[in-house]
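Chain residues, written in single-letter form:
Number of protein chains: 2
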Amino acid sequence: MMDLAPGAVAVIFTSVRRGDASTRLAADADAYGDMAEAMAKLAAEQPGFLGMESVRDPVSLRGITVSYWADDPSARSWKQVSEHLVAQRRGREEWYEEYSVVVAEVTRAYRHPAE
Amino acid sequence: MMDLAPGAVAVIFTSVRRGDASTRLAADADAYGDMAEAMAKLAAEQPGFLGMESVRDPVSLRGITVSYWADDPSARSWKQVSEHLVAQRRGREEWYEEYSVVVAEVTRAYRHPAE
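Residue numbers (the working numbering), protein chains in the order written: chain D, 83 to 197; chain R, 83 to 197.
None of these hints come from the bench; they were simulated from the model.
Glycine included, each C-beta is placed from N, C-alpha and C at the ideal position.
A couple of the hints might just be wrong.
Footprint (simulated), chain D over chain R, 3 or more residues, beta carbon under 8 Å [to be verified]:
{"no.": "1", "stretch": "90-96"}
{"no.": "2", "stretch": "142-149"}
{"no.": "3", "stretch": "176-190"}
Bound-form chain D, shown alone (with noise of 0.2 Å):
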């Protein structure tokens, strides 16, 4: 698990992908999966990102993923990302039947087995 302190950020984005059963087939060859795969590589360069833990099932078409922030300004950078704009845009527009965001500041962080 990445270094969570206090103060770090996570930014939990809840999504459900429009489609039918061929295109959940296709889903990993499509310009969303490439997108998608682009946006992490991004969010990895930029200021204060910690880390992304992202879950998908092919069937339900629901997914999650959680990124994490040293600290909230970092976390509202990505958000305005010349390039993420573009990503948010194309998901409200093709690819996202319904999704929500929630930003949430880290108070506490455990794991098993314990590092």
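Chain D is already provided as a structure; the job is to place chain R on it using the hints.
Showing chain R alone in chain D's frame:
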């Protein structure tokens, strides 16, 4: 999206299931599936429960579950509910290769389409 006033708390539970291909296919029918369903129901009965979102990728076995609580005492109380303690122990001993828990206080939230 549930009502997430500032002060609400998000509990981000990230896990990797143990198992091979055969247990993946049977995942919904096994004791883990029953327990996961029972815990979701039990959580929803707790004071301060606001909502829960859960996704698991059946191939990678990675999952993310986010539960939302009215305040930090509600989130802490849920961790200590006795049936939940039993599930947590079985999770460590039987079901999860690894997991992490991040607790964070909600500062803002938005969705698309807007409500």
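Do the hints match the structure? See the list:
A count of 4 residues in the stretch 90-96 of chain R with a Cβ less than 8 Å from any Cβ of chain D is obtained; the coverage claim is therefore met, three being the minimum. With a cut-off of 8 Å between beta carbons, the stretch 142-149 of chain R has 5 residues touching chain D; three or more are needed, and the interface restraint holds. Three residues within the 8 Å Cβ limit are the bar, and the stretch 176-190 of chain R against chain D gives 12, so the coverage statement holds.
In summary, the structure agrees with every hint in the numbered list given earlier.
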